Amino acid sequence: DAKTTQPPSMDCAEGRAANLPCNHSTISGNEYVYWYRQIHSQGPQYIIHGLKNNETNEMASLIITEDRKSSTLILPHATLRDTAVYYCIVRGNSGGSNYKLTFGKGTLLTVNP
Amino acid sequence: GAGVSQSPSNKVTEKGKDVELRCDPISGHTALYWYRQRLGQGLEFLIYFQGNSAPDKSGLPSDRFSAERTGESVSTLTIQRTQQEDSAVYLCASSLEGPGDYGYTFGSGTRLTVV
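Here the protein sequences come in this chain order: V and B.
As numbered in our numbering, residues 1 to 113 make up the first sequence, in order.
As numbered in our numbering, residues 114 to 228 make up the second sequence, in order.
Treat the hints with care, since some could be wrong.
Said to hold, decoys possible - Calculated pairs, DSS-like style, for lysine-lysine (alpha carbon to alpha carbon, straight line, at most 30 Å):
1. K170/B - K105/V
2. K3/V - K69/V
3. K105/V - K69/V
4. K124/B - K3/V
5. K69/V - K52/V
6. K124/B - K100/V
7. K69/V - K124/B
8. K124/B - K105/V
Simulated from the structure, these hints should not be mistaken for lab results.
Only a predicted model underlies this, so the values are computations on that prediction, with no experimental measurement involved.
Chain B extracted, bound-state conformation (with noise of 0.2 Å):
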């Protein structure tokens, strides 16, 4: 596709159901990102994959988060057992690497509610 799709747009789940976020990135981009924005809050990092080579995960914040990516395609955000504060927008980006990259691309991101 022309940009990168997130779906769900939207998604309101209850307190202690796992949910899963999907990031569809522009074809041929090798690297992708999962951030995270509260309400009112700057982006917070997740997780970064890079073609083949083992995920960035520094930036989760328990073990409840996970995420998976095959080869260069779609990447699943997952969070198990949510609790309120797992409540945010979800952004995800895409990017060819190397220097003369023209930035990332990010997609319109899923709003999750934890009620």
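Next up, chain V with everything else stripped away, as it sits in the complex (with noise of 0.2 Å):
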């Protein structure tokens, strides 16, 4: 698996945007970008994933740059819910154990009110 690098640590003011940053220079063509979050003892909540396009769902927006090496996480409007961890990793889908997903540890994104 690809590795990922996140910082270990992010602050933001609740109501404003999150912008974490992930490093993923070792990608593969078909490989994808996931992120995950983890809210203090539960288990990870998936939150949005892409190849290459950037994408958007209900959550957060999935910026990849155009050569793939790097994509931010946007949270357009932090709360206070949204403190957790945040995992950026990177998978392939073409089977076999592509399909592992490779935990790292993560950036602790704490939204302050």
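Please dock the two separately framed chains into a single complex, following the hints provided.
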């Protein structure tokens, strides 16, 4: 699996946009970028994923650079309930063990009132 | 059910005893994963089941750990002769596989405490 690099922690003011960066410089052509988050004492929650185009859903937007070596997860209007550890993961979709998710240490996002 | 169900939610056991953890995946999900998360740490991959293929057991930390899954249904993770370092939250996840899947759904985990 390609490795990802994320800052260990970030702060954001409530109501402002939270922009969480992720570097994945060794990503290969068939690997997707996935984002999950884990709120304290809960299991991880899927947020969004993408291959090369930007993606948006009801939770967040995912911006992937043209060279695919980095991406940014955007929470447009952060709330206190968005405080969590955010994990950026790259994973293949071509079958076999490429489906395995490998979690790094993630970014602890703290949303402040 | 609507989500991934794990039982028990909490388990306290004495060192040296065997424990069995259960995971009920979302109906129709062909892939099932077990992960372990020690206090304050990230998730460690343990084992992966995909349909009728041989499971990927590469993450199991020792031969005291084993897991089974019958078809595409329930999975059990068994830890024999538990040690204090086995104390952790054990998380199960399931998913549809293939292009276009929408990620994995995790259960709430089983918190195992070995005393």
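Evaluation of the provided hints:
1. Restraint check: the Cα-Cα separation between K170/B and K105/V comes to about 22 Å, which is no more than 30 Å; the hinted pair holds.
2. Of the pairs offered as hints, the one joining K3/V and K69/V holds, with about 11 Å between alpha carbons and a cut-off of 30 Å not exceeded.
3. For the hint pairing K105/V with K69/V, the CA-to-CA distance comes to about 19 Å; that is within 30 Å, so the pair holds.
4. In summary, the hint linking K124/B to K3/V is not supported, as the alpha carbons are separated by about 34 Å, beyond the 30 Å threshold.
5. Distance restraint check for K69/V and K52/V: the Cα-Cα separation of roughly 10 Å lies within the 30 Å cut-off, and the hinted pair is therefore satisfied.
6. At most 30 Å may separate the alpha-carbon atoms for a hinted pair to count; K124/B and K100/V meet this at roughly 27 Å.
7. Annotation: proposed proximity of K69/V to K124/B is violated, straight-line Cα distance about 42 Å (limit 30 Å).
8. With a CA separation close to 26 Å, the supplied pair K124/B and K105/V stays within the 30 Å bound.
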